[in-house]
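There are 2 protein chains.
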Amino acid sequence: MKILITGGGGFLGSRLARALLARGRLGGEAISKLTLLDAGFPAKPEDLRVEHVQADIADADALEKAAGTDSAAVFHLAAVVSGAAEADFDLGMRVNLEGTRLLLQALRQRGRAPRVVFASSVAAFGGELPEVLDDSTTPRPQSSYGTQKVIGEYLISDFSRKGYIDGRALRLPTIVVRPGRPNAAASSFASGIVREPLNGVPCECPVAPETGIWLLSPRRVIEALIHAYELPPQAWGGDRVVNLPGITATVAEILAALKRVAGAKTAQRVAWKPDARIQAIVKTWPVRFRTERALDLGFEADPDVESVIRDYIAEERIKL
Amino acid sequence: MKILITGGGGFLGSRLARALLARGRLGGEAISKLTLLDAGFPAKPEDLRVEHVQADIADADALEKAAGTDSAAVFHLAAVVSGAAEADFDLGMRVNLEGTRLLLQALRQRGRAPRVVFASSVAAFGGELPEVLDDSTTPRPQSSYGTQKVIGEYLISDFSRKGYIDGRALRLPTIVVRPGRPNAAASSFASGIVREPLNGVPCECPVAPETGIWLLSPRRVIEALIHAYELPPQAWGGDRVVNLPGITATVAEILAALKRVAGAKTAQRVAWKPDARIQAIVKTWPVRFRTERALDLGFEADPDVESVIRDYIAEERIKL
Numbered sequence: 190m191k192i193l194i195t196g197g198g199g200f201l202g203s204r205l206a207r208a209l210l211a212r213g214r215l216g217g218e219a220i221s222k223l224t225l226l227d228a229g230f231p232a233k234p235e236d237l238r239v240e241h242v243q244a245d246i247a248d249a250d251a252l253e254k255a256a257g258t259d260s261a262a263v264f265h266l267a268a269v270v271s272g273a274a275e276a277d278f279d280l281g282m283r284v285n286l287e288g289t290r291l292l293l294q295a296l297r298q299r300g301r302a303p304r305v306v307f308a309s310s311v312a313a314f315g316g317e318l319p320e321v322l323d324d325s326t327t328p329r330p331q332s333s334y335g336t337q338k339v340i341g342e343y344l345i346s347d348f349s350r351k352g353y354i355d356g357r358a359l360r361l362p363t364i365v366v367r368p369g370r371p372n373a374a375a376s377s378f379a380s381g382i383v384r385e386p387l388n389g390v391p392c393e394c395p396v397a398p399e400t401g402i403w404l405l406s407p408r409r410v411i412e413a414l415i416h417a418y419e420l421p422p423q424a425w426g427g428d429r430v431v432n433l434p435g436i437t438a439t440v441a442e443i444l445a446a447l448k449r450v451a452g453a454k455t456a457q458r459v460a461w462k463p464d465a466r467i468q469a470i471v472k473t474w475p476v477r478f479r480t481e482r483a484l485d486l487g488f489e490a491d492p493d494v495e496s497v498i499r500d501y502i503a504e505e506r507i508k509l
Numbered sequence: 190m191k192i193l194i195t196g197g198g199g200f201l202g203s204r205l206a207r208a209l210l211a212r213g214r215l216g217g218e219a220i221s222k223l224t225l226l227d228a229g230f231p232a233k234p235e236d237l238r239v240e241h242v243q244a245d246i247a248d249a250d251a252l253e254k255a256a257g258t259d260s261a262a263v264f265h266l267a268a269v270v271s272g273a274a275e276a277d278f279d280l281g282m283r284v285n286l287e288g289t290r291l292l293l294q295a296l297r298q299r300g301r302a303p304r305v306v307f308a309s310s311v312a313a314f315g316g317e318l319p320e321v322l323d324d325s326t327t328p329r330p331q332s333s334y335g336t337q338k339v340i341g342e343y344l345i346s347d348f349s350r351k352g353y354i355d356g357r358a359l360r361l362p363t364i365v366v367r368p369g370r371p372n373a374a375a376s377s378f379a380s381g382i383v384r385e386p387l388n389g390v391p392c393e394c395p396v397a398p399e400t401g402i403w404l405l406s407p408r409r410v411i412e413a414l415i416h417a418y419e420l421p422p423q424a425w426g427g428d429r430v431v432n433l434p435g436i437t438a439t440v441a442e443i444l445a446a447l448k449r450v451a452g453a454k455t456a457q458r459v460a461w462k463p464d465a466r467i468q469a470i471v472k473t474w475p476v477r478f479r480t481e482r483a484l485d486l487g488f489e490a491d492p493d494v495e496s497v498i499r500d501y502i503a504e505e506r507i508k509l
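Line order of the protein sequences matches chains A and B. If you're matching positions, the first sequence starts at 190 in the numbering used here and goes up one per residue. If you're matching positions, the second sequence starts at 190 in the numbering used here and goes up one per residue.
For the record, the hints were derived by calculation from the structure and aren't laboratory data. Quantities reported herein were computed from a predicted structural model and do not represent experimental measurements. Take these hints with a grain of salt, some might be off.
If chains are identical, the list can't say which one is meant, so a pair holds when it fits in one copy or spans any two.
[Claimed, not checked] Derived pair list, reagent style EDC-like, types lysine to aspartate or glutamate, alpha-carbon separation capped at 20 Å:
{"hint": "1", "residue 1": "Lys351", "residue 2": "Asp279"}
{"hint": "2", "residue 1": "Lys222", "residue 2": "Glu253"}
{"hint": "3", "residue 1": "Lys191", "residue 2": "Glu235"}
{"hint": "4", "residue 1": "Lys222", "residue 2": "Asp323"}
{"hint": "5", "residue 1": "Lys472", "residue 2": "Asp428"}
{"hint": "6", "residue 1": "Lys233", "residue 2": "Asp279"}
{"hint": "7", "residue 1": "Lys222", "residue 2": "Asp464"}
{"hint": "8", "residue 1": "Lys351", "residue 2": "Glu317"}
{"hint": "9", "residue 1": "Lys462", "residue 2": "Glu442"}
{"hint": "10", "residue 1": "Lys448", "residue 2": "Glu495"}
{"hint": "11", "residue 1": "Lys351", "residue 2": "Asp277"}
Assemble the whole structure, with the sequences as input and the hints as a guide.
Right under this line is the structure:
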C-alpha cells in the first residue's frame, strides 16, 4: 500500500514515517511506498520505500502533480504552528486552511476515498471553558491556528459524510517532550523546560509555574495516529473528530518530576521570564478533559509526567 | 454611510435593501449608498442610492474591484442554498466557503474593520441532537451547506477577534413564508405549503405531516439582521454567533393554521408526495430551541404560525 504524510519533513511526520517503516505494515497491509510531502527536508531519504516531495501544500498544481494523492492512506500533519499562524495571519490561512481544503479536493478528485487521519489540536478550545472539558464541549478557538484546525475538522467530517474520504480527526494535546530546538508554537516552552535542562542548556519559561498543560508524549501521539487509522469506519460512525486522552500537569509539577528524574541541578536550569503574548495565548487553552469516547475507542495517555520525561531521556540517549 | 449587501439580488437581500431604504438610516447614520452584489438581478435599481454590482463572489479580482468593500456596513447573505450545495458539492464549496473567505479577506485589506452581519443557518445543527437545543449545543451539520455555514461562522469569529472586522453571525431558522417560486433549498416546501395554496396553486408536500420545523417570518429575519448590526460590539463580546429565536410547528400545524386563516378549500390544495432525498436532509434539522442569549440580546420571534401566514397575506396583498 501507498501512504502519504503531509508535513512529512517535520517532527511528527518524520517520526511517524520511521514508526511505519519499522512496522512495515498498516491496517494489515504491507507498506510499499511512503510519500513525504513538505516545504523542506533536513536530509535525504534513507529507505528505498520513502519518497520526498518538496512542495507547498497550498499550491494546488504542485499538490496535484506532487504524487501521493493516489495513496490509500493519508496522514495530514502539515501546518503552520500556533504562534506563527497568529503572527502571520495570511500564512496560517494559506497553509492551515487552504492547504487542507486543497488536499481534500485533490484526494476527492482521485475518487478512491482514501483513509485520512488529520492532526487537529487542543487549541480548538478556548474562551470561557468548563473546569473539565468533555466530548460535548463546543470548540471556541481563541487563536487563528485553533480556528483553522476546527475548520479542517468540519471539512474532514463533510468530505467523509459525502464518501469522498474516510476521515478521522484527532485533537492532539500539547506534545511533550518535543526534541530539537524551540519553535514558534506558543506551547514551545512546555517541551523546552524539560529538554533544555536535560541537554545542559539554560531555559527561560515564559509562563507562571501554576500554568496547567494538557499533554501527551510524542510516542503516544504516533501510536494514536496509527490507531486512528486502523480503527474500522464503523467505530467512528458519523462523528469523525475526537479529543485524545492526555495528562494534566502544571509547569511546577513538570519541573518537580524533572528534579526527581534528573536531579535538582538540572531542574534549576529553568529561569522565569514572563512573556505576556505567550501567556495570553496559553491561558485560553484547556487543561482538564474527560475523554470517554477516545478511551472507548482504545486511545491511551501516558501514565504520568515522570514516564514522559524518562521516555524522552531513553529515546534521545541522554546520559544523566 | 455606505452599505454592502452580498446576495443583494436575492429574496432576503432585496428585502433587506428595501427595509434599509425605507428607514433611511442604520446605526444612527444616514444611508448614502447601498451596493448590492449578486450573480444576477431581476430588475434595475429604482432608488438613486442603490448600485447593482453583478459579480461572482468567489472571484477574488471581481470582488476586490466590484466596490462595496469600502462600506462601513456589510450584510453577507450570498449563498448557494442547501439542496443545491448538496447536489453540486463544488458549487457550494466555491460560493459558500470560498466566497465568504474571499469577502472577509477583501474587507480586511481595506483596513477599516467594517461591521459585518453574516446569515448562518439552523442547518449548522444535525445528527444526534438533544430534544431541545440551546446556546451550548455543538454544531454537527449533516449537509455541505450546514458545514459551509459553520465554517463561515468560525471565520467571522476569528476575523473579529483579530480586529479585522466587527462580525455578527445569526443562525436563521427556516424562513416561512418565502414569496415567489419554489427553490432548490431542501426547506422550500415549508413556504410552498402556505404560498401555493394561497395563490390557488396545488402543491406537493415532500415530507410527512408530523415533520417539525423551526421557523421565522421574513419580516422578523430582516428585523434581526438590522438589530444584529445595531447592537454595540460589547453586547456581542467574544462570542459572535447566536441562534435566532423562532417558533416550532409541524407541517400539520401549519396546514391547520392555514385552514383557520384561509379556509379548508385553500388548505386542501396540499397533497402528500414523500421525497426520500428531502426527508433525509430535513429530518437532520433541529426543531426546538431554547434561545436565551438571542432573547437577552433583544431578538424576537413571531408570536404564532397564524400571524406568520397573516403577515404574508398582507404583504403580498392576497385576496382571500
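Inset, instruction - State the violated hints by number, sorted upward, taking the hints as numbered earlier in the document. - result: 4, 6, 7
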